[in-house]
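Student: Given the sequences, and given the hints that come with them, work out the whole structure.
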Amino acid sequence: MRSANQRIWRGRSSVRHDSSSFQDRKDSVRGGQARIVDRVTPQANLGESFTNLAKLILSIPGILLAAMKRVIDTSEALGAVEVPEGHCELCAAVEAAFNEETHQLVLKLESFLRPIGLRTKERHFRADWLPKDETVTEHVALEECHDVAREIFHRWVRKVRESAPHLHQV
491 MRSANQRIWR GRSSVRHDSS SFQDRKDSVR GGQARIVDRV TPQANLGESF
541 TNLAKLILSI PGILLAAMKR VIDTSEALGA VEVPEGHCEL CAAVEAAFNE
591 ETHQLVLKLE SFLRPIGLRT KERHFRADWL PKDETVTEHV ALEECHDVAR
641 EIFHRWVRKV RESAPHLHQV
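Per this note's numbering, residue 491 is the first one in the sequence shown, and the count goes up by one each step.
The hints are simulated quantities; they were obtained by calculation from the structure and are not laboratory data. Be a bit skeptical, because a hint or two may be false.
Stated by the list, open to error - Restricting the straight-line Cα-Cα distance to at most 27 Å, the calculated cross-link-like pairs of lysine-lysine (DSS-like) are: (1) 622 with 598; (2) 559 with 598; (3) 622 with 611.
What the hints assert, rightly or not - Quick list of the computed label-pair ranges, beta carbon to beta carbon: (4) 573 with 593: 35 to 45 Å; (5) 629 with 576: 38 to 48 Å; (6) 604 with 648: 13 to 23 Å; (7) 633 with 573: 36 to 46 Å; (8) 655 with 590: 34 to 44 Å.
Even for Gly, the Cβ is constructed at its ideal location relative to N, Cα and C.
Tutor: In structure tokens form, the structure reads like this:
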């Protein structure tokens, strides 16, 4: 019986493997089939691997840990501004998640510009006068997390709106 840590890779013409995952590999090829004969235990236990994966996921912009409960994920167009890139829409966005184990609310707040126009491809970019993206962490009860997230987002919207040099209604 194989444990969860032992793997056999089979393929037609090649074997795909991560060289750091296996030690002392012995490959045999028979009739066009490739097979790893010896299996070894992984170098790190599952807990360490999960911790490293969580750190990797959290380091990617716009991504929150999947184990957390999503509270809100929204953006708001605040108005239009004229910048060297052309006529653009000023936007504020939030992605919020709640960890039920630690009662921690994590919000990723962003501000960006996007071009206005039917023939313009949508893209997000920043101006020097925009506030930098922020990550806010609060300890709250589950019942309060949605209201707290909305309140923090409304403060962020006000901050982004005040940073704009000349804001026009869209």
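Student: For every hint, state whether the structure bears it out.
Tutor: Against the structure, the hints come out as follows:
no. : hint                     : in the structure
1   : 622 with 598             : holds (11 Å)
2   : 559 with 598             : holds (14 Å)
3   : 622 with 611             : holds (24 Å)
4   : 573 with 593: 35 to 45 Å : holds (41 Å)
5   : 629 with 576: 38 to 48 Å : holds (43 Å)
6   : 604 with 648: 13 to 23 Å : holds (20 Å)
7   : 633 with 573: 36 to 46 Å : holds (42 Å)
8   : 655 with 590: 34 to 44 Å : holds (42 Å)
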